[in-house]
Amino acid sequence: MLIIPCPYCGPRDETEFAYGGEAHVVRPDPAEDDAAWSARLFLRHNPKGWTRERWRHQIGCGQWFNLCRDTATNAIGPAYRMGDAQPPFPDRETKP
Amino acid sequence: MLRSARPWSAFGPSAAASGRTASGLILTVLEAPRAFLLQGDPDDHRLAEILWRTIGIRRGLAMGEVQRSETDGSRLATMAPDAWLYLQPNPASPRIAALTDALADASIAALIEQTEARSWMSLAGAHVERALAGLTSRPLTPARFPVGAGYAIALGPVHCLAERPGMTLFRIACPTSYAPYALAMLRRI
Amino acid sequence: MTGSRLPAGGLIDRTKPISFTFEGRALTGYAGDSVASALLANDVRIVGRSFKRHRPRGLLSLGMEEPNAILNVGTGAHAAPNRFATELPLAQGLAVSPTRGWPSSRFDLGGVLDLWPTPLAAGFYYKTFIGPRLPGVRDAWNRLWEPLLRSLAGQGRAPEGVDPDAYDHAHIEVDVAVVGAGLAGLAAAEAALGRGARVALFERDIRPGGRALGRDGDPRIDDAAPLAWAEGAWARIADNPRATAKLRTTAFGLYDGRQLAVYELPVDGPYAGRIWHVRAKEIVIAAGALERPMTFPGNDRPGVMLASAVEAAIRRYGVRPGGQAVVFLNHGDGAGLRQALNAADIEIVAEVGPDETVTGTQGFGRLQSVDIAPLGPDGLPRMDARRRVPADLLATSGGWSPALALHLIQGGRQAWSEADGCFIAAGGGQDGVRLAGAANARFSAAAALADGHGSTAGGAPGPKTTGGDAAPSGQGLPLAPIAAERLKRQAFIDFQHDVTVADIGLAAREGFHAIEHAKRYTTAGMGTDQGRTAQLATAAALAAATGREIGDIGLSGLRPPVTPVPFGALGGWRRGALFAPVRQTPMHRRHEALGAVFEDVGDWKRARYYAAPGEAMAPAVARECRAVRTAVGALDVSTLGKIAVAGPDAAAFLNRVYTNRMDTLAVGACRYGVMLKDDGMVFDDGVVARLGPNRFHVTTTSGGAAAVLNWLEDWRQTEWPDLKVWLASVTEQWAGVAVAGPNAARTLAALAPELDLSDTAFPHLTWRDATAAGLSARIFRVSFSGERGYEINVPWRHGEALWDAVLAAGAIPYGTEAMHVLRAEKGFIVVGHETDGTVTPVDLGLSWLISAKKGDFIGKRALARPALTAPGRKQLVGLEPEDASVVLDEGAQIIATATPRPPEPMLGHVASSYWSSALNRGFALALVKDGRARHGERLFAWSLGVAHAVRVRDPVFYDPKGARLHA
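Chains as they are written, first to last, in this note's numbering: chain A, -8 to 87; chain B, 14 to 202; chain C, 20 to 986.
Hints may contain errors.
[What the hints assert, rightly or not] Here are the simulated DSS-like cross-link-like pairs (lysine-lysine), alpha carbons at most 30 Å apart as the crow flies:
| hint | chain 1 | residue 1 | chain 2 | residue 2 |
| --- | --- | --- | --- | --- |
| 1 | C | K696 | C | K483 |
| 2 | C | K948 | C | K879 |
| 3 | C | K845 | C | K873 |
| 4 | C | K873 | A | K39 |
| 5 | C | K146 | C | K35 |
| 6 | C | K872 | A | K39 |
[What the hints assert, rightly or not] What the simulated footprint calls covered on chain B by chain C, stretch by stretch (three residues with Cβ under 8 Å from a Cβ of chain C suffice, anywhere in the stretch; the number is not a length):
| hint | stretch |
| --- | --- |
| 7 | 55 to 61 |
| 8 | 72 to 86 |
| 9 | 99 to 110 |
None of these hints come from the bench; they were simulated from the model. By construction, the Cβ of each residue, glycine as well, lies at the ideal position given by its N, Cα and C atoms.
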């Protein structure tokens, strides 16, 4: 089980959280074409390595936030609030 | 005076009774305080002013903080950056009317009564931390759950609110519909 | 004491004898014995029969690497199969028996399989036992051979009945968790405590000390004998208030976030076992090293034992495992073994030198002699020069391998170390997890202590050793050279699964060159011992067979649990009545008293129907439906999700969430609405009531309440943070009773005489506050049945009182089944029946609910996608079976013919199907391609081989004009 650092409550067990998929997926303007909408609805990046994703502290403050996680090692990187600037991924050399 | 009339039948006729848990903790079913979920902008000075004027409490900002009234045993627990739970043990307190009137039109903040939605119980005993550690992975040491704090917490599969009035005393509120199950679960620890 | 017990010595307590039975034979041991050591002391040489070939097997080891002594423990519901005799502390009255061997392990009829083992070579089931391919005989493997072979093999008897034992769970968070209380682990724990850390120390054995329990030849530590030092260190650690020290506790898993899972066998108390979930900032794996046996022909005969097991038998358990011993080591650390053999008066009849090897053993059920041959210049044994030596004990060691299981299962890597002669940890895994001691290839006592203590600049110094310090040196691969192919079939690599060197060669010849393939093809390493004695030999044999270096082969992967854990322990307290959480309404007792049969809606218990004594479901439901359509019924609707939406932007928020407009809803009015996901599919539906300009009361389906609130909160927080709106659940703030039927107004009037119930004062789809039955109530005039209806909400605690009053006023209770029938007769959808995440509101005929006069809402843009506007989409229709008595299966496929021939085009499916007492016929709602254009068409509903003719029609079967709402 991961330990997830909620920006409001501090590090907590993964079981307190709900996962929310890829972060920073922008909802297109309704005037955009079908391709843009299909991408937003159905396509997600699936990187091997560091990714940014959304989590909600369900059994806790209830807030949504973003988290950096390495999908290959489950190393946890910085968490940041909605709307905050995206922090860089941890150094490649750093072990999980 | 509101009296509880809770149906505990699915878990036995004595399910509503206070008593001892398997390891000897004292489990007590409590009368529910009036409970109101207050939601609004933490930076809104109008909200802060209303709270001070009507219930005499200043809202906390840190998760788990529980601000207490100096006079009547009521308290305000910080549940989220923009949400607090007002708990008033006196069901007829005039402060309730004052608060609800001040926020009646929901233009500054939302005040939603949730008194009925929570059932309250307490667990007391020297080993209460160790016993509850069988039901939750959330650390319960005084450093991680200080005396006086209140947090959302999962006990088994039940999403509860837990306050810690003392080192060996936890006060737990679970959703009313889960109460018979929660009590049966707590009785085993 | 008869048998092989030495007259004195050992760490057992000879003042505490313990009786137990093995295969029904009454035996005795002492406190401090394991079942294995007690069996050895009682001269039990055969502890079971092997898996495939039913060969007699004895104890190879006395530690956790044991592959042979797998026992059934106990009987009946307490039976526990597959327990390792070496891991079972001896307890009074324990009843154990071997896993295989009939009628007994000594005289086993299954032994006949070993007379001609060739058909049972690795992978035999891919090549044999496929036929006979005779007419009328289908699938001989599944129906004939496999059941036969499984009964011959088998891995223990499953217990009968529910596990009566109770198991505990505990969560603990520490700074440093140490696995293993041997020299390195104790040093690590003390060092951490010295730094002020909170420490957890877990030891699998019944006492601390690790190697100090069975070995001699280790130096003194801090001027004490090793075992005395270990016990002193343990006592100091256990006394420390910042430490949690547990014996009889095995670490079986290491997961993300440095979460360690350990299984404790408590000595006393109400629990048979306890799982600790441990979170630590630092984890020290001081799990020691496991000795490998040499692999040679005849190496599985009872009497062949690991050298460390022979030493442990003598020193720890006071057992003399034989009288004449052959010693076969591939390293130079034999002094301790020789000393132990001498002390136990065991004659060393031969020591196999570095230029010799063992080419065979003899004896049935018990070692009697050993063949030793010199190695020729080609490195192979010279069979012509071999000599036969009488012996009843063969002490063998192929060297030591660090116990890397926990390191590997959390993603750690391993690499072959030529210098150490073993695989060692090579990085990977999580930060903050380190190996120490023999697990880290630090085999001498001094090195293990220093490694455990770690390097702490300025910290207290670690334990100091004085005196000679032995460690295995020069150990190589544990494969003895074997000349003949025939002999390779007698050299066992995996004892649990009867896999030999020949089998590995076979796998290599058939192209299984990767270790993971060879493992799975031969099943080497797939036993409950997780291949502890087999892994390295498998890799070595595969390397030899494919001409590669062992470093290139590697060890196969491991997965938790490292040792078996009972399912009951994993479940802990979550069993029986507590297995799944249960939610109840305040009227639950009343439903029970009325004979309700309950159904699960999420965690809720809802009354499905109320059965009079002896009444079956169908007549009960028909009766309830008739009551609602002709008189008045009462339904407990407390479970409905209720969400308070408040704030100056509440209306704007709801506008963006529903397909229809909510900003135009007047205070005091209600409106039905449908929510879509952003892909345009129906997600939930419910009634919205406006309580004030900035306040709304939103209802959702019972099962969807939490999902809807989470969904709305997601949009509020992350997509529209600029809107001033707040959401709160009030599902359990309000209990509710729906009063429905032509007499509903009369019933309500009896409860709330002051309330004006005329259609002008209280129209359909409005709400009023009132006093009902003396309770302050909020009453919504809504209808899910199509009859005049009122949903009376009172504070949750008054639900039972309200229910009583409603029934006293003459309403007939009805359950969710009747509710479903009634709404289906009206063509009302239920999310999850008529929707499944692929159905749009247009498909459901709800285009009228989609507002064209408002801005963007969730799903609006998607509805314009070509796929959602194309013809051929499934649309909501009603179905009338031609045979009116038929109630179709839900899920039946709609096809165009009575005799489908695959691939038959499927036009849709039956979503909801019931018997209607109002219509006196079966009827259904279905989703059918272009359904709205097919009204009147004759189609077929196919399910489980039967096709029923149906007529497609409008989904509103009853009162299409809706006149009954005002009746």
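Each hint, compared with the structure:
1. At roughly 68 Å between alpha-carbon atoms, K696/C and K483/C are farther apart than 30 Å, so this suggested pair is violated.
2. Our distance criterion of 30 Å between C-alpha atoms is met by K948/C and K879/C, whose separation comes to about 22 Å.
3. Simply put, K845/C and K873/C have alpha-carbon atoms about 29 Å apart, close enough for the 30 Å limit, and the pair holds.
4. Between K873/C and K39/A the alpha-carbon distance is near 42 Å, which puts this suggested pair outside the 30 Å criterion.
5. Between K146/C and K35/C, the direct Cα distance comes to roughly 55 Å. Violation of the 30 Å bound is thereby established for this hinted pair.
6. Using a Cα cut-off of 30 Å, the hinted pair K872/C and K39/A is violated, with the two alpha carbons roughly 45 Å apart.
7. Interface restraint, the stretch 55 to 61 of chain B with chain C: violated (0 residues with C-beta to C-beta distance below 8 Å; minimum three).
8. Counting residues of the stretch 72 to 86 of chain B whose CB falls under 8 Å from any CB of chain C gives 0; the rule of at least 3 is not met.
9. Here's how the stretch 99 to 110 of chain B fares: 0 of its residues keep a CB closer than 8 Å to some CB of chain C, so the rule of at least three is not met and the hint is violated.
Hints 1, 4, 5, 6, 7, 8, 9, counting from the list given before, are not met by this structure.
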